[in-house]
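S.K.: Single-letter residue listing:
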Amino acid sequence: MRLLSHNMLSSNIKGVTNGFPLRIEAEKVVVKQVDLNVRFLKNMFPKIEWKALVEASRTMGYAELPEEVEPSKLDSRDFLQKFHHALLELVLEEGALVCPETGRRFPVSKGIPNMLLHEDEV
Amino acid sequence: MSRPELQNPPEIFYNDDEARKYTRNSRIMEIQSELSERALELLALPEDDVPRLLLDIGCGSGLSGETLSESGHQWIGLDISQSMLDVALENEVKGDLLLADMGQGLGLRSGVMDGAISISAVQWLCNADKSSHNPRLRLKAFFGSLYRCLARGAKAAFQMYPENLDQRELIVSSAMRAGFSGGIVVDYPNSSKKRKEYLVLTCGPPSVNTSVPEGKSEDGDSSFDDDSSGDEENQTVSISDRHRPRKKQRITKKGKGRDWILKKKEQMRRKGNVVPPDTKYTARKRKARF
Chain A
1 MRLLSHNMLS SNIKGVTNGF PLRIEAEKVV VKQVDLNVRF LKNMFPKIEW KALVEASRTM
61 GYAELPEEVE PSKLDSRDFL QKFHHALLEL VLEEGALVCP ETGRRFPVSK GIPNMLLHED
121 EV
Chain B
1 MSRPELQNPP EIFYNDDEAR KYTRNSRIME IQSELSERAL ELLALPEDDV PRLLLDIGCG
61 SGLSGETLSE SGHQWIGLDI SQSMLDVALE NEVKGDLLLA DMGQGLGLRS GVMDGAISIS
121 AVQWLCNADK SSHNPRLRLK AFFGSLYRCL ARGAKAAFQM YPENLDQREL IVSSAMRAGF
181 SGGIVVDYPN SSKKRKEYLV LTCGPPSVNT SVPEGKSEDG DSSFDDDSSG DEENQTVSIS
241 DRHRPRKKQR ITKKGKGRDW ILKKKEQMRR KGNVVPPDTK YTARKRKARF
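So the protein lines, in turn, are chains A and B. Just so we're aligned: the first sequence equals residues 1 to 122 in UniProt numbering. Just so we're aligned: the second sequence equals residues 1 to 290 in UniProt numbering.
I should point out that these hints are in silico values taken from the structure, not numbers from a laboratory.
One side only, chain B facing chain A, incomplete, derived with CB under 7 Å:
| id | residue |
| --- | --- |
| 1 | 50 |
| 2 | 51 |
| 3 | 76 |
| 4 | 89 |
| 5 | 96 |
| 6 | 97 |
| 7 | 98 |
| 8 | 100 |
| 9 | 101 |
| 10 | 105 |
| 11 | 107 |
| 12 | 108 |
| 13 | 109 |
| 14 | 112 |
Cross-link-like lysine-lysine pairs, in silico, DSS-like; alpha carbons within 30 Å at most:
| id | chain 1 | residue 1 | chain 2 | residue 2 |
| --- | --- | --- | --- | --- |
| 15 | B | 94 | A | 73 |
| 16 | B | 287 | B | 265 |
| 17 | A | 110 | B | 21 |
| 18 | B | 193 | B | 21 |
| 19 | A | 28 | A | 110 |
| 20 | B | 94 | A | 82 |
| 21 | B | 285 | B | 265 |
| 22 | A | 51 | A | 14 |
| 23 | A | 47 | A | 110 |
| 24 | A | 47 | A | 28 |
| 25 | B | 94 | A | 42 |
| 26 | B | 94 | A | 47 |
| 27 | B | 140 | A | 14 |
| 28 | B | 94 | A | 110 |
| 29 | B | 21 | A | 32 |
| 30 | A | 51 | B | 94 |
| 31 | A | 110 | B | 130 |
| 32 | A | 32 | A | 51 |
| 33 | B | 140 | A | 47 |
| 34 | B | 94 | A | 28 |
| 35 | A | 14 | B | 130 |
| 36 | B | 256 | B | 287 |
| 37 | A | 51 | A | 82 |
Beta carbons: idealized from backbone N, C-alpha and C, even for Gly.
Chain B on its own, in the form it takes in the complex (with noise of 0.2 Å):
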């Protein structure tokens, strides 16, 4: 299966078909609830029980905006597909929906939103859909407006599937450029299937308060060297490597036939080698006793 940001836009991509996929598949709802949860314990929320208004960035069906609504809190979400939203409308999410598309900045005003989360979304933002599209412009619109309608102080954690380093670099560039503070956190790094990036991002300059949290990993032992990492990920595979079709193989079940090595050996000939001449007997098929 290829990644979905290489198949469609998101707003086609998310069709009614996908987006019935996110009430029915219990494992997508596992997962994408899992995630929120993460996310919003990345977000590192003081904790005096009160409510505070967060922004969902690519709510899709509302599935983590569920979670926010579990912890109390008010949320604002905003996706690009009006078939997701319409799932959310049927969900009975409680936060307020908007259609909106996040390359083109969030139209909020300055300094309300106490947080931000997003789940799988911030890499469509590389994509260029339409000839308009620059997906450079689109990250600082994107990441410029983030930081302004963010309170001071307010965090942002952002679940991302980067296809590539050059993808990570560009996202995390674009953010540090809006003047944001922070990186990425891995979770279960040594895990292909369980491991998840997170784009943990401080409005303000950096201060004591805005070190980056350390990812989860599978012993629950959570020190390893980012520096380190960094050597591993240019040796492993990348994921989309994998899918490449292999090079179509030529030969059929058949065999390659009397006329492909009659051909090879005029080729040979051509070149001067010494090859036994053409008769009944070239390229017959043995019988089955031999």
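Chain A on its own, in the form it takes in the complex (with noise of 0.2 Å):
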């Protein structure tokens, strides 16, 4: 899973208010190399929680992203590589994603996470 997906991903756990975002438990990262597509990044950037992004790119063992962002960064193509880095080419590929509220714990193998929630938790 990469962290595009992890980015739009919220916990549906019946009863959560605030499922956003699932804290990950990063066993085995892979890097998987994708052309960078700018039109892509600058029509998602608006759409991206940056704090999440920045927070689970660094549990992934990537710090290259600045803390405070703004649109006009997006100008910059040393940004646009880290942030396309970071969105893109980071998968998680064995691990979980935590529920924030609850701590229930989401296992993610062979990079995907498996997000089928209990009977009592619909």
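With the hints as a guide, bring both chains together as one complex.
M.R.: Right, dumping it as structure tokens:
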């Protein structure tokens, strides 16, 4: 699972009011090369929760992203490269996602998070 | 062949064997990619070459996702069958995969998706495969969460196989109740094989841009009336009726036999009818030369 998806996912358990962001427990992280697409990044940028992305990339072992960000940075090639790497190239292969409110673990295996809920969580 | 929906829940029906078909069977693969191309067309994304973030519901082995990747889009796919997702991993699809049940609602942040497609999956929501399942609630959870995660004005195009009019009505009304506007697009309405239904939804209240596109038909002329098609629906035999086994025929190849004839004659006698007496000639086989 890439951090793009992590940034979109939130915990869906019944009664949870703020299920975002899911905490990452990383056991195995791989890097997959993807072509950089500036248009996609510019389109995605306003939708990204920046803090969650910075936090998530740190737990995955990539600390290059700046803490604060403003849209004008999108013109910098250097910044785009870092943003692209964090968003699309870092892949959580094995580990877990943890709901911030209930502490429920969603295991991730072979890069696929298991988001199935138990009957009493629906 | 009966409908997969009638055989097993999706996580069991799409087992390793069934999933294998989606890599080996070229016919299935061709149909799947045709359907996804059409669904992508129905999404009517603006033609500005900007890659979008799309959602593929019931992505399965990722055949539909590959169509999205080919058009340059990023996508997140979810499916309830682990076997199908394993096949998707083998195929090295470009999108992200989630193991999730659409009937439990989509756990996604609000307003982040630029569109959603789904190929042959939504009708599964009409099933109640577990005691805790209630199709109405599952449809409500699905469409409600879908509405939240789509950006305003984004579209969703779902190809689906509703079993009958009631199912279609249930799915469409659940979508409308969630706040979507849109309706059903039928491609090739007069062909039983090529006929495909798409539920095209727009996130947000009806406006000039949210009119439902027209379906394709054989002669390239897509003018067919929605009202008249509704009447035709009622007259056609639904597929599930056609496949129901005929009333079992009692007659075997050997004929009905002497016992059966004696029983019938006895019945007629009890009713007071004039019935010839039982003799050695009763129910005797005729000679071949007769």
